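Undergrad: Here's the letter readout for the chains.
Protein chains: 2
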Amino acid sequence: MSATRQERPPRYSPGTGPEGWHNPAGKSIREIIYGMMDGIVSTLGFLMALLGALVERNIILIAVFSGMLAGGISMGFGGYLATKSQVEFFNNEIQREEREIKELPHIERREIEAIYKAKGFKDEELRLVVDRITSDEEVWLDVMMREELGLVKESFDEPKRVGMALAISYMVGSFAPIIPFLIDLGETSLYLSFLFGIITLAIVGWYRARITGKGVLSVIEVVLVGVIAATLGYIIGIAIQTVI
Amino acid sequence: MSATRQERPPRYSPGTGPEGWHNPAGKSIREIIYGMMDGIVSTLGFLMALLGALVERNIILIAVFSGMLAGGISMGFGGYLATKSQVEFFNNEIQREEREIKELPHIERREIEAIYKAKGFKDEELRLVVDRITSDEEVWLDVMMREELGLVKESFDEPKRVGMALAISYMVGSFAPIIPFLIDLGETSLYLSFLFGIITLAIVGWYRARITGKGVLSVIEVVLVGVIAATLGYIIGIAIQTVI
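Protein chains in written order, with our numbering: chain A, 1 to 244; chain B, 245 to 488.
Treat the hints as calculated values from the structure; they're not laboratory data. Keep in mind it's a predicted model, so treat the numbers as computed, not measured. You can trust all of the hints, since none of them are fake.
Cut-off 25 Å, straight-line C-alpha distance, at most; resulting in silico cross-link-like pairs (BS3-like, lysine-lysine):
id, chain 1, residue 1, chain 2, residue 2
1, A, K117, B, K361
2, B, K458, A, K102
3, A, K27, B, K397
4, B, K397, A, K153
5, A, K122, B, K361
6, B, K271, A, K160
7, B, K366, A, K117
8, B, K361, A, K153
9, B, K271, A, K27
10, A, K117, B, K397
11, A, K27, A, K160
12, A, K153, A, K27
13, B, K346, B, K361
Produce the complete structure using the sequences and hints provided.
TA: Next comes the structure, spelled out in structure tokens:
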């Protein structure tokens, strides 16, 4: 019980440890898949609405480029603020836990006991571990966070990274299907565009499969969900047009 | 070292514990803020483009309702698949950790040692804790997950909940600014619409402040970022129109 804060070796932090993540490329998987899919789906839905209609190439380019940039900005800022708010919420929960350790140490001590009992500790061993952990408030709080709230400060998402990843992914996803419109190919552009959209969905699926260690079904799911979402969006547009 | 799996009391799981989250309403804070902001920003950006243009009320309603539903669907499916992929990625990392415990127990044991050394344990105490934890592979893996990867299985996001929360939030956010168009008020609708959009941003900000325990600056930030994002989106649209 003589360990003081000064004696303690530096905090062991995940990610910077000797091993950390096996696959750091997976860190932004959520933002990349979400942004890419949303970009591809919105553009595909828009392109479907053009089928059969004779719309000038210029107007298509304006609409898709505006949507790409405006959507990317909206996603980026929204994702940034949303993540920032989540981190603030987590920190607020941690502060309450901190206060409880100060104000109701006996209750919080019993919680540490319950946590280590569940890990298989008992009797003298349990008392010893609980004593050691509760002897340093910083360690005590860290254990409560991880075990009771499931919060690990080092793995909170970084708002700026999330916002950037979302914005870039959305713009890349939106851009892919309009590549065929950059050259004037007449009507062929539209069909090539669908093809590009589906290929991009497959690339997203392939990235997902690689990161998650899953098979080809993972790729098919992304392509199918993307096409279904775009088609649903298109059908809804038509339906609303007839109703209003 | 005699504890076997059968003797161990049930796993202590956060959230279901005696206390868990202080504020469960914060669980979806990220999705709610993100979806609402994206919905409001896209609709505000679109409405700005209408300033000065004489566009029929019908067409405005069609465009905004289509965008609301198509956007909601795209967000919902995208968010679902993105979260599912992230959980798969986490589980993949956990499986590798599990394999390493089986194949390189001496290295993984030393990592547990480093983790508890950082918590202030040493000498006999340290040996005792490391022995107890590594005596049960399930507990061993759980500690490695929390401490090395920062992963807590019980707090992984639920893909369906994320998808639903995003879709609904987006649709609510998109719907708010078009309420004034539901009644035929002529040009006044457009101005009321901006007002409704800004009020909704303020409500989002208020929700954020309540959950995160922050003050009024939190509300102002949401309103400002929302208005700036919508304005940027609008300006970009104009700029592209002049370039193409």
